[in-house]
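First residue of the sequence shown: 1, per full-length UniProt numbering; consecutive thereafter.
These are calculated hints, taken from the structure and not from any lab test.
Beta carbons are placed, not taken as given, at the ideal position from N, Cα and C, and that holds for glycine.
Fair warning: there could be bad hints in the mix.
Said to hold, decoys possible - Simulated crosslink set (SDA-like; lysine to any residue; CA at most 25 Å straight-line):
id, residue 1, residue 2
1, K93, K36
2, K86, T62
3, K96, Y50
Unchecked claim - Restraint ranges, calculated between C-beta atoms of paired labels, are given here:
id, residue 1, residue 2, range
4, K93, K30, 50 to 56 Å
5, H25, N60, 52 to 58 Å
6, R76, K30, 26 to 32 Å
7, I69, E89, 16 to 22 Å
8, K37, N60, 32 to 38 Å
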Amino acid sequence: MVDGGLVKGMLLTQRQQQGPCYACHVGKQKKKAHRKKLDRGLEQPNQVVYVDLLIPRNDNGTRYEAVLIIMDGFSRFVTMYMLTSKASEVINKRIKEYILWEEQAWWEPHQIPGPAVVH
Numbered sequence: 001m002v003d004g005g006l007v008k009g010m011l012l013t014q015r016q017q018q019g020p021c022y023a024c025h026v027g028k029q030k031k032k033a034h035r036k037k038l039d040r041g042l043e044q045p046n047q048v049v050y051v052d053l054l055i056p057r058n059d060n061g062t063r064y065e066a067v068l069i070i071m072d073g074f075s076r077f078v079t080m081y082m083l084t085s086k087a088s089e090v091i092n093k094r095i096k097e098y099i100l101w102e103e104q105a106w107w108e109p110h111q112i113p114g115p116a117v118v119h
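Please model the complete structure; the sequences and the hints are all you need to start from.
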């Protein structure tokens, strides 16, 4: 009130403003926005393929021991294989099957039935 000249006759001094206070400065700061999509420099499908093996608990109530997830980095197309065994022979067979399917689908897109797909 003293700063605005609304009080007369009191011995209050006017404050000298030397820039914004710390609270005002912190309150006006803005965080930089996050990028919505990471730029990985991918230009075509199957340039990078991500593979993950999920192993659920033993008492999951199904006959499957593992789930093989394969994702194309460019299109983010996900393929899922339910595996009854987590042996390396079974996993390698499914990965080779995926590679063969992708190579054929790349050249003849409408003639190859795909594996089990989860979006």
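N60 and K37 - C-beta distance against the hinted 32 to 38 Å: holds (34 Å)
Beta-carbon spacing of H25 to N60 - inside the hinted bounds 52 to 58 Å or not: holds (54 Å)
Restraint check for K93 with K36, where alpha carbons must lie at most 25 Å apart: violated (36 Å)
Supplied distance hint 26 to 32 Å, evaluated on CB atoms of R76 and K30: holds (30 Å)
Range hint compliance [Cβ, I69 to E89, 16 to 22 Å]: Given a distance of about 19 Å, which is inside 16 to 22 Å, the answer is holds.
Whether the CB-CB distance between K93 and K30 falls inside 50 to 56 Å: holds (53 Å)
Restraint check for K96 with Y50, where alpha carbons must lie at most 25 Å apart: holds (14 Å)
Straight-line alpha-carbon gap K86 to T62, limit 25 Å: holds (14 Å)
This entry does not satisfy hint 1, going by the numbered hints stated previously; all others are met.
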